[in-house]
Amino acid sequence: MPGVNQPSSSHHPSPITHHPPSLGAHWDAGIGLVVVYAAIVLIFSQLSPFFLTRNNFLNILVGVSILGIVAATQTMVIIARGFDLSVGSTVALAGVVTAEILTVGGSDALAVAGAIGVGLLVGLINGLLITVVRVNPLITTLATLSIVRGIAYVWTDALTQVFPGPNLRWLGTGRVFGDIPVSVLIMLAVFVAVWLTLRFTTFGRALFAVGGNPRASLLAGIDVGRVQLTAYIISGLSAGFAGAILAAQLSAGSPQAANGLELNAVAAVVLGGASLAGGRGRVWGTLLGALIMETLRNGLVLTDVSSFYQMIAWGLVLLLAVVIDQLRRGEGT
Amino acid sequence: MTPSPDHPLLALANIAKSFGGVQAVRGVSLDVGRGEILALCGENGAGKSTLAKILAGEIVPDDGTIEIDGEPVTLADPASAHRAGIAVIYQELNYVPTLTVAENVLLGRLPRRGPIVDWDAVNREARTILAPLAPHLDPRRPVASLPVAERQIVEIARALSLDARVIVMDEPTAALSQQEVERLFALVRRLASSGVAVVYISHRLDEVFSLADRVAVLRDGALVGSWPVAQTNRAEIVRAMVGRRVEEIYPRRASTPGEALLEVRGLSRGDKLSDVTFSVRGGEIVGMFGLLGSGADILVKTLFGALRADRGEVVIEGRSLGLPTPSRARRAGIALVPGERKEEGLILGMSVRKNLSLSTLPAISSWGFIREHAERTRAQEMVQALHVRTPGIETPVSQLSGGNQQKVVISKWLETHPKVLILDEPTRGIDVGAKVEVYRLMENLAEEGAAILLVSSELPEILSMSDRILTIADGRLTAEYRRGAVTQEEVLDSAIGG
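Chains A and B, in that order, are what the protein sequence lines are.
Here the first sequence is numbered in this note's numbering, starting from 2 and rising by one per residue.
Here the second sequence is numbered in this note's numbering, starting from 30 and rising by one per residue.
It is possible that some hints are incorrect.
Stretch-level coverage of chain B by chain A, calculated; a stretch enters the list once three of its residues show a Cβ under 8 Å from a Cβ in chain A [said to hold, decoys possible]:
hint : region
1    : 390-399
2    : 484-495
Label-pair restraints from in silico Cβ distances [claimed, not checked]:
hint : chain 1 : residue 1 : chain 2 : residue 2 : range
3    : A       : 147       : B       : 300       : 34 to 44 Å
4    : A       : 302       : B       : 108       : 47 to 57 Å
5    : B       : 322       : A       : 278       : 24 to 34 Å
6    : B       : 299       : A       : 125       : 25 to 35 Å
7    : A       : 140       : B       : 164       : 41 to 51 Å
8    : A       : 321       : B       : 342       : 51 to 61 Å
9    : B       : 503       : A       : 154       : 49 to 59 Å
10   : B       : 137       : A       : 193       : 45 to 55 Å
11   : A       : 320       : B       : 99        : 49 to 59 Å
12   : A       : 118       : B       : 348       : 34 to 44 Å
In case anyone wonders, no lab produced these hints; they're calculated from the structure.
Values in this document were obtained by computation on a predicted structure and should not be read as measured data.
Yeah, the Cβ is synthetic: ideal placement off N, Cα and C, and Gly gets one too.
The shape of chain B in the complex, shown without the other chains (with noise of 0.2 Å):
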């Protein structure tokens, strides 16, 4: 354990928050030492968002005291805790997309001369705040022509531009590629070497085992405990996360591939596809492993109509659906659960029922009219099958967790009973129970004879569910590995191709 002085740098004791009667934190006591990286874990609902939010001062807990440098702190908005020397940066990013890079950085601060913005000044402050995270991003460009990643080092340089002495991080590598996940480790790093001290939350344990100094697990709320990172073990902190043995993250499972479901010949787009051609067989699970940019979510995509194919086919079955559209790609049994939740897997201010029966409409319709009982009665089996976690099939999609709401676009796609399911990115951001589940949801879906292309940028998943790896990179596929036959160096280098 790193060496604390007499006072810890961060101390709660006893914070405790509910909601309408729901306990969402209770009596959690922890501290964190000058140039500590205490991780925090849970599954969704844990409370560590809750805790992230009231280290932000946007939620006041009910109960608790807070200590800075042991100095009790009242966090009761925002700017109270700037001035208390905490910042937070969040999970889902806070970004005014049509501003520039720079005046996103300096948000609220842009440096003046008298009443005019200083430009060249906020430029350049803005370029040395961001040289160590990412020396080439331009700070004149607006944020909204960036890809995710980079918006999330934009949010990620603005927290560290606050000079603070606690940084909170919610899940801040949701959206980033692998080196750009290295050098935000570096940052950590170098912070806490300064006497920084960070809490940093995250679902993927990988992470947490390689840059924290110490693990705390939260469940229902409340503190199971925290442990040294050099004397515990992945297996322990799911166990302690989940409060129940997860004897396997991956499941394991005899694959018998049968006959090729979906190939794809000759798919091209622009400079962003080039001749693409593969094929992925009944039962099988295909990995499909690309950094950002690789061009992994524009085949996925094309693949499904959504985007415009210039050359190429995709054949289902045998039959050529020629360049595909989304209702033909639906119609011959292609289902996509797409990279982007949110924006692109659903309806957010529609209720769970509906958004379940979005791609099944027909199904559940006589003459164009919906039978309306047999829609609820399916969408209840749904919710039950998938474990999801909502009030009821009426509240809307969005006050559900990431988890849950994932399950609902899974589940969506289930009842039109696909024979080719493409996942792209289908565990970002949700927590271990959740992956879980759908990583068993995969594994039965092969069982039944499904064909399923995984497309992640999570190596770990990629290498341990897939019978194949294919790895893709500048729009063309580089290599195919076979499941076991490879190691997580060796698919790394083929997606940064040459």
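Here chain A stands alone, though its shape is the one from the complex (with noise of 0.2 Å):
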């Protein structure tokens, strides 16, 4: 459309400067997400009088960690124009593996290395799917989510698998210089390693190359293959390491756990100013997603709302988000 091309006229020559990008307009673009946590903090420290304590938002750093480390990672397969639906249930196949393998007396290491092992094969297998066999990546990863949960309620009877206490204690209650989670560290280490990793990495730019246009990407000589089979394996990997987390969290292996966090990690990667259609995304705007989600949700239950409600206004809020960041966009160009 000729309107969207600038117009070859207004084009002039102007002397080359140089620009280095500004932190500034980078920052800016997610402020629409930073005014809608404000407002949430902002109404429930009013509504409640333990919702704005050091200890609470220990609880809701606790409580976003999980959707935290596979959003953080989604991030990166949504910018290289993918989808991984299957996290959820990754998660909960590698918390029960970590069980199953506690259970009969493996090691913590052993335990965690399964739970990876169980991410590493499901990214691979949704990775080689995607791009050699070339099926949609959302009906593939629909499928595999669909798959995985199935594997860990045979495996389980649909049982939880309940292990014995002192195992895994320090990976999901531990906490270190004094008071902080280690599961938060953990989180927080993911986000800066996949922020670097977009940031300043050869990885990092071509996810975002291939994520914008996928023919020229291939024709600049890049592997796209290789590059979105990454991806998937590193969404994969970290899923697995997640449900390491969940089952020390609870000392035990359920095959119903994290249901629809797929569903959380794609809407905080959305909500963080990512685009669906790939190119384009920001880790640290996912990480606020996660947190405005699990901040409304933590604020719902202390002042009592139901459950039902919560729903609603997880929607709205979603919504509220979304269109106050989508204005700001319209009005910057």
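Mind docking these for me? Both chains are given alone in their own frames, and the hints should help you get the complex.
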């Protein structure tokens, strides 16, 4: 459409100047989220005396850690024009495997390795189906979502496997530096790692390129298939690891754990400013998106709102945050 | 000059338009008579497209008047331009790809019976409108399934069917084959002889001289002048456009080819590509000419590994790539400047800097981490070396003009120091100035010993730039000629095949 393109005449030669990317512009884009988050905090701090406390915020952070870990890596998948709906099921199966290994007397390390192995396997299968067989990512991961969840149920006879308390306590409820939960630190480490990858590495650049225009990326000599495959493997790995953490928090592996986690992860990524069409995404936006969702849930529980209303509120906030961001973007350009 | 009655059909007086302080059009006054074909030439950024958009009612000028047949008109929006009898055919196509040809041609005015669309009438009417342009085109096919040239015909057909008195065409032939161009020209001449005023915007001076009655040249938003084609020549127009003397559009160099750098042996793919064998030596420019559907574009993509070959091999410097993949081809030293700049050459949402480093990420990184300082410095140097006109290296590449975008695509590859450079229609839709720079780059690279394969459907370009010329038709190579030993007609004849 001609209107979309810059009229060639409005283009004029101007001296080539050095423009460092401004951090300001980058943060600006997510301002809608910050406003929404501030509003949520403000409202709940008025409604409940227990909300705005250090302890409650540590609770929120612990509560968001599983979602955060899978959402951080989901950001990479979505930037590369992909989708990974299998993460919730992978978390559950990885948790079940963790519990099984510990129950038969395996070590903590072996249990965590087993969980990560499950993730690796699911990620690899997703990635190969999508990049080699070229099945649509939505369908592929919807299928593996169902298969992996099914395996978790069949394996356990739908029963939660409780394992002996001392196992994995350090991972589930451990605290360091005084009272900072280990799972929260792990989540932050994952976010920092994803940020570093997206911002500074050739792989990160390739993810944006592949999502922005796969054909042009291919013709630029980028191995598009390998980039996407790697993204799915990373997503699987992080879901496997998140499964071990969740099992450690519960001291049990449950086949119905993390039901619907995948949609929350996608919502957090999109809330954070990523485009489902690929090529655009911000990992700190994803963190904020996940925090908004968990903080809202926490606040509604503290103020005794029924879980049905929670669902409605959750949907409204999702819409609100996205609308604010959209309006801002419209003004900006 | 065409005799005109008392007042011209279209009269522009002192049209001016600025965008945020940039004067895109400055005080342009221009008349076009009944039945006159006026060619409008100028470099990118000269103001041609802005003028076209003003006539389309898409942009409202800051100053000046427009008269149709002596009556002042206000073109506030596209609908008022339609009412005034002005139709504009854009360079950038405006169709709905999922709809059929007929639906696109009659978009917004489908014949109906009551509330129900009368599909028989739709297809019948579309067929009538298309008949003079592309009688073979099935109006029921989705536009997305058509090659670019036929999509363009759909676009032109739609504009023509609006019964316009003034038709503005902005680079309408950028994607058309020679035959389609001929057919379009015949149609434009027929329209003109029926009294329509035609404003024909083009970079292709050959077309201008064979079609237009008069040539007007814009530079930096202002009108340099206008000349009846019979009283001017190519050199004069080019000089007027660029404001400096361009000695030769096509540089000449003494060619001293070395060893064969690229050898293609028996490359085949389905029924699109059959047993293609040729070689390009270091320092040599080989031109490949084919009409639309000849398989030239498929050859290029198969050669680079973006399409999988069924059989055959690609050999670089004596080492076989087997069946290539793009990343293997890149590492072996092949560079490809693809034919569709926006869809295949660029990541439009990314900045100039990031587009420039796409093919050289390994070279500017350590342990997988991009060295941003090096990347920036290099991007800066590339932009300066190729005279890419951009506000800065962080500007989204989508905001650059076509010629400058093409320079970005080419520079991206130059940094890989390719042994073999393949260019597919490298000058499509870019202005003379940018063309000359692209040609110079090819020459320089050849002088440094690279093997260059130039795929083009522009005959003058092929004939002037190539040391050797190959023609391709129906996925087979049909002939080979040496520079200077062949005429346009002979090359065209081989490309039509048999």
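Here's how the hints hold up against the structure:
no. : hint                      : verdict
1   : 390-399                   : holds (count 6)
2   : 484-495                   : violated (count 0)
3   : A:147 x B:300: 34 to 44 Å : holds, 41 Å
4   : A:302 x B:108: 47 to 57 Å : holds, 56 Å
5   : B:322 x A:278: 24 to 34 Å : holds, 31 Å
6   : B:299 x A:125: 25 to 35 Å : holds, 32 Å
7   : A:140 x B:164: 41 to 51 Å : holds, 42 Å
8   : A:321 x B:342: 51 to 61 Å : holds, 59 Å
9   : B:503 x A:154: 49 to 59 Å : holds, 58 Å
10  : B:137 x A:193: 45 to 55 Å : holds, 53 Å
11  : A:320 x B:99: 49 to 59 Å  : holds, 55 Å
12  : A:118 x B:348: 34 to 44 Å : holds, 40 Å
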